[in-house]
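Undergrad: In case you want the letters, here they are:
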Amino acid sequence: MSPSSVSADSVLSIEVGSVYTRAVLFDVVENSYRFLGEGTAFTTAGAPHYDISEGVRQALGELQVFSGRVFLGADKQLILPSQPDGSGVDKCVATLSVGPPLRVVAVGLLEDVSAQSAQNLAVTTYAQVMEVINMNDRRATAARLDAVLRARPDLIIVAGGTEGGASQSLMNLLEAVGLACYVLPKGYRPSLLFAGNQALVNSVRSSFADLGPLFIAPNIRPAIEVERLLPAQSQLSQVVRQARLRQIFGAQNLDQWTGGKLMPTAAAFGRTIRFIGNEYARTQKGVLGVDVGAASTTIAAAFSDHLVLNVHPRLGLGESLPGLLSASSLDEIARWLPLEISNDTLRDYIFNKAVYPASLPVTLEELSIEHALACQIIQVALKKTARNFPADALRSSYGFLPYFEPIIASGSVLTQAPQRGQTLMMLLNAIQPAGVTTIALDQNTIAAALGAVASLNPLLTVQSLDSNNFQNLCTVISPVGEAQLGTPILRVRVVYGDGSENSVDIKYGSLEMIKLPIGQTATVQLHPLHRFDVGMGGPGRSGSVKVVGGGLGLVVDGRGRPLPLPAEPGRRRDLLKKWLWTLGVSS
Amino acid sequence: MLAPVVHVLPVTLVQRKRLLPATGKVLPRKGQKVTAAEVIAEANLTPDHVLLDVARGLGVSIAEADKYIQRQQGEEVAVGDVIAGPVGLARRVVRATQPGQVVLAGGGQVLLQLEGRPLELRAGLSGIVTGLYPDQGVQVETVGALVQGVWGNGRVDSGLLTVLIKSAGEELTTDRLDISLRGGVVLGGFCGDANVLRDAEEQQLRGLILASMSSALVPEAMKVHFPIIILDGFGRLPMNRAAFRLLSTSGRREAVVNAAQWDRLAGNRPEVILPLPPTTQTIEASEIVQFSADQDVRITHGPHIGEVGILNRLLGMVTLPSGIRSQAAEVQLENDESLVLPLANLEVLK
Numbered sequence: 001m002s003p004s005s006v007s008a009d010s011v012l013s014i015e016v017g018s019v020y021t022r023a024v025l026f027d028v029v030e031n032s033y034r035f036l037g038e039g040t041a042f043t044t045a046g047a048p049h050y051d052i053s054e055g056v057r058q059a060l061g062e063l064q065v066f067s068g069r070v071f072l073g074a075d076k077q078l079i080l081p082s083q084p085d086g087s088g089v090d091k092c093v094a095t096l097s098v099g100p101p102l103r104v105v106a107v108g109l110l111e112d113v114s115a116q117s118a119q120n121l122a123v124t125t126y127a128q129v130m131e132v133i134n135m136n137d138r139r140a141t142a143a144r145l146d147a148v149l150r151a152r153p154d155l156i157i158v159a160g161g162t163e164g165g166a167s168q169s170l171m172n173l174l175e176a177v178g179l180a181c182y183v184l185p186k187g188y189r190p191s192l193l194f195a196g197n198q199a200l201v202n203s204v205r206s207s208f209a210d211l212g213p214l215f216i217a218p219n220i221r222p223a224i225e226v227e228r229l230l231p232a233q234s235q236l237s238q239v240v241r242q243a244r245l246r247q248i249f250g251a252q253n254l255d256q257w258t259g260g261k262l263m264p265t266a267a268a269f270g271r272t273i274r275f276i277g278n279e280y281a282r283t284q285k286g287v288l289g290v291d292v293g294a295a296s297t298t299i300a301a302a303f304s305d306h307l308v309l310n311v312h313p314r315l316g317l318g319e320s321l322p323g324l325l326s327a328s329s330l331d332e333i334a335r336w337l338p339l340e341i342s343n344d345t346l347r348d349y350i351f352n353k354a355v356y357p358a359s360l361p362v363t364l365e366e367l368s369i370e371h372a373l374a375c376q377i378i379q380v381a382l383k384k385t386a387r388n389f390p391a392d393a394l395r396s397s398y399g400f401l402p403y404f405e406p407i408i409a410s411g412s413v414l415t416q417a418p419q420r421g422q423t424l425m426m427l428l429n430a431i432q433p434a435g436v437t438t439i440a441l442d443q444n445t446i447a448a449a450l451g452a453v454a455s456l457n458p459l460l461t462v463q464s465l466d467s468n469n470f471q472n473l474c475t476v477i478s479p480v481g482e483a484q485l486g487t488p489i490l491r492v493r494v495v496y497g498d499g500s501e502n503s504v505d506i507k508y509g510s511l512e513m514i515k516l517p518i519g520q521t522a523t524v525q526l527h528p529l530h531r532f533d534v535g536m537g538g539p540g541r542s543g544s545v546k547v548v549g550g551g552l553g554l555v556v557d558g559r560g561r562p563l564p565l566p567a568e569p570g571r572r573r574d575l576l577k578k579w580l581w582t583l584g585v586s587s
Numbered sequence: 001m002l003a004p005v006v007h008v009l010p011v012t013l014v015q016r017k018r019l020l021p022a023t024g025k026v027l028p029r030k031g032q033k034v035t036a037a038e039v040i041a042e043a044n045l046t047p048d049h050v051l052l053d054v055a056r057g058l059g060v061s062i063a064e065a066d067k068y069i070q071r072q073q074g075e076e077v078a079v080g081d082v083i084a085g086p087v088g089l090a091r092r093v094v095r096a097t098q099p100g101q102v103v104l105a106g107g108g109q110v111l112l113q114l115e116g117r118p119l120e121l122r123a124g125l126s127g128i129v130t131g132l133y134p135d136q137g138v139q140v141e142t143v144g145a146l147v148q149g150v151w152g153n154g155r156v157d158s159g160l161l162t163v164l165i166k167s168a169g170e171e172l173t174t175d176r177l178d179i180s181l182r183g184g185v186v187l188g189g190f191c192g193d194a195n196v197l198r199d200a201e202e203q204q205l206r207g208l209i210l211a212s213m214s215s216a217l218v219p220e221a222m223k224v225h226f227p228i229i230i231l232d233g234f235g236r237l238p239m240n241r242a243a244f245r246l247l248s249t250s251g252r253r254e255a256v257v258n259a260a261q262w263d264r265l266a267g268n269r270p271e272v273i274l275p276l277p278p279t280t281q282t283i284e285a286s287e288i289v290q291f292s293a294d295q296d297v298r299i300t301h302g303p304h305i306g307e308v309g310i311l312n313r314l315l316g317m318v319t320l321p322s323g324i325r326s327q328a329a330e331v332q333l334e335n336d337e338s339l340v341l342p343l344a345n346l347e348v349l350k
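Order-wise, the sequence lines are chains G and E.
Counting in this note's numbering, the final residue of the first sequence is number 587, and the numbers go up one at a time with none missing.
Counting in this note's numbering, the final residue of the second sequence is number 350, and the numbers go up one at a time with none missing.
Treat the hints with care, since some could be wrong.
Said to hold, decoys possible - Once the Cα atoms are required to be at most 25 Å apart in a straight line, the calculated DSS-like pairs of lysine-lysine come out as:
#, chain 1, residue 1, chain 2, residue 2
1, G, Lys186, E, Lys25
2, G, Lys507, G, Lys577
3, G, Lys186, E, Lys17
4, E, Lys350, E, Lys30
5, G, Lys578, G, Lys515
6, G, Lys515, G, Lys577
Stated by the list, open to error - Okay, the calculated beta carbon distance ranges per label pair:
#, chain 1, residue 1, chain 2, residue 2, range
7, G, Val462, E, Gln15, 48 to 58 Å
8, E, Glu287, G, Ser586, 40 to 50 Å
9, E, Glu287, G, Ala567, 42 to 52 Å
10, G, Gln484, E, Arg313, 56 to 66 Å
Claimed, not checked - Short derived list, chain E residues pointing at chain G, Cβ under 10 Å:
#, residue
11, Pro21
12, Thr46
13, Pro47
14, Leu104
15, Ser214
16, Leu237
17, Pro238
18, Ala242
19, Asp263
20, Gly302
21, Asn345
For the record, the hints were derived by calculation from the structure and aren't laboratory data.
Treat the numbers as computed from the prediction; the structure is a model and nothing was measured.
Positions of the beta carbon are idealized from the N, C-alpha and C atoms, including for glycine.
Use the sequences and the hints to build the structure in full.
TA: Take a look at the structure:
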């Protein structure tokens, strides 16, 4: 990179989560952007402050201690741009995930087509679909109107009508929506996001102009078989931004610091994954991002330029934790525990954690519960999201998830696990990847910040996607197929950079870690047996890949897909302990 | 570092805003006395509607129908009232089939909002209305003892307090509940039996204050019609000493149990208030506090959950037995045991 191509703009990123507020500073060091440090404080959106500004100030105060840079002026406002005395920053970006999920009513013509697309769009942000209205809905207009009112929506998403297709049927459906908006008092009217047949835009504008905030987006279902959510997602981000500016005190000030570019954290995270997806398009695999938060979990998967983004507001490790019990049984969570813990203790832990979402596990027993919960949360969230992965995505001939390269993991339960083997164990058990993939950890939790900054300073994003921020945990090789436990299924030959070699036979049911120091490259030759598929073009196909050593070297996961676990609890716990030990976890 | 605060105060001035989630009708006047269970505001949040097709009813065109509509926006109508017509020799009319209010008339249709059961917002504490928020709610103020909890089943009521436990860790069992408790509020310790909640419902309790409860009972606790508040957490946990001392010596006093579900964003926390006559000798319920030495703290998570101690000193970053690194403090319990705990697992007791 030539010196002239790097503008010397310092960038401050502020992320306001449901529990913590983080301030992150990027600046140019030796002609390249670097993450310089972070400050963290409790989010102060609720009692007693009712204003996120206090948490932001505290986080900036901590960052000031680390960086020696003064960020706030005497008026408590951010100093923008940076001053000759070194105070302030040149640019500020901010993302927000704090706040209740938006209540959404989805409207579309056909239940499985546009109404489904409206719901698919809703779940790309912090939202819960409370009501769906479509043409097959046989309720009278007044009943539909009452259903909308009962949903108490913050947002109504309207889809339907392919381009050049039906128009009157959709306008008929909108009658109830219009009446609902009309009967609500002005300050309580929901936003309406129209993402249907563009021929109706003018009619929708004239019908809804005075009935609340109106947003128009490109048609998310331009043809029956085509769903295009991405263009509408930026409009949806605007809707969320507007809602948060109303709901969260202090958000307006933060928005001003960013020049009106406050973003939902999930959208920013998705943007980073899409960015990485473009970088890795040559691999023909997808890029998977997993972000486990206190209030929600975000799954983002990029397949070349196509982004699948799902936010799961009932699947977080904090206040929403009891919501996991509506998606999973206690036994399903307990199966990930390497220690003997009763279901009663596990359930009590879930409810106690929900009332104190910021609390931390003090004992090893509590830590193992948190990790089991995280594992189950990721698995449930991924399973729900996987329904939206493209059918033509490259995947093993035995099915399962598409191939990913890389998998990016974010969220404090993953990044702050005491041992990296614990992080990898959670990810391998939850995701169960197939083929060859690199697993990287967003160790400074900046993935969302980089997405927010991408439109402002793409160079910063590109330069920050390095190993200083995204720690290469390992390359994992996961053969897929069927065999008896203990049957050899894969021969692995590692040829190191210095010419030395290491050969390992992998047996079905085993997890192996092969030494490959951080940053060292090696060529790995893979010879699957018994028609196992290792992502080299089909069952039984051999091949070689160049890999770079991560913190945990090279890991071969021959445990099977889907991962079979012994039904007998004692045996299962012993196996989990053994796998953790294999990954270098000392208890 | 900012510290979360939990209040256990023998006498303080309690001021609470009670606001509707939507606009509605505020019932009391400023300066009026209210009781905890009294409805202070109501709103018809989800009214039902009827859309009358006047054009079809009268057998005329849409444009023509509008001329025959007799009712205007905002007008109340009773069953049988003529909405539109008469038309023609047969003098056809469209009548209201249910009582309600006209919200929209035109385009050959009339939209009626029906009278429904309104959402009732209760005061949540017995006291004086000191502030009015037009169409939204009130501020109520009282002097009393205040004990905050961690979980509530969403109900509010009040009654005379009966202390059924002798120690902070005692379990409340069905044999302790009898007819003499009808209309009262009970202080229990741990509850692990759903039959206790069912019997309490049968005895028509007006409130149950627990140290802890098995989380398996949450669905049952959500079903009962009286407020249940949990002060310390889920699982078999003794009541924190500060709350036990205050509540166990307050038998036969009026206890207001506002078992609100904890909503940090809205600032609603489950709490028990024991009203007292007005006095100027109140302890301020400070809300904004930084962690510092010599504070009374309550442990909110981990093996010592619910226990109370004194924050001896702040330790900076520490590696916990779990291996996690965190800002921590040394806390001395009442039994002189000294613990190193993450600040994230503490709240200041004020």
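Undergrad: Please go over all the hints and tell whether each is borne out by the structure.
TA: Do the hints match the structure? See the list:
{"no.": "1", "hint": "Lys186(G) - Lys25(E)", "result": "holds, 17 Å"}
{"no.": "2", "hint": "Lys507(G) - Lys577(G)", "result": "holds, 18 Å"}
{"no.": "3", "hint": "Lys186(G) - Lys17(E)", "result": "holds, 23 Å"}
{"no.": "4", "hint": "Lys350(E) - Lys30(E)", "result": "violated, 30 Å"}
{"no.": "5", "hint": "Lys578(G) - Lys515(G)", "result": "holds, 18 Å"}
{"no.": "6", "hint": "Lys515(G) - Lys577(G)", "result": "holds, 20 Å"}
{"no.": "7", "hint": "Val462(G) - Gln15(E): 48 to 58 Å", "result": "holds, 53 Å"}
{"no.": "8", "hint": "Glu287(E) - Ser586(G): 40 to 50 Å", "result": "holds, 43 Å"}
{"no.": "9", "hint": "Glu287(E) - Ala567(G): 42 to 52 Å", "result": "holds, 51 Å"}
{"no.": "10", "hint": "Gln484(G) - Arg313(E): 56 to 66 Å", "result": "holds, 59 Å"}
{"no.": "11", "hint": "Pro21", "result": "holds, 8 Å"}
{"no.": "12", "hint": "Thr46", "result": "holds, 5 Å"}
{"no.": "13", "hint": "Pro47", "result": "holds, 7 Å"}
{"no.": "14", "hint": "Leu104", "result": "holds, 6 Å"}
{"no.": "15", "hint": "Ser214", "result": "holds, 7 Å"}
{"no.": "16", "hint": "Leu237", "result": "holds, 9 Å"}
{"no.": "17", "hint": "Pro238", "result": "violated, 14 Å"}
{"no.": "18", "hint": "Ala242", "result": "violated, 17 Å"}
{"no.": "19", "hint": "Asp263", "result": "holds, 8 Å"}
{"no.": "20", "hint": "Gly302", "result": "holds, 4 Å"}
{"no.": "21", "hint": "Asn345", "result": "holds, 5 Å"}
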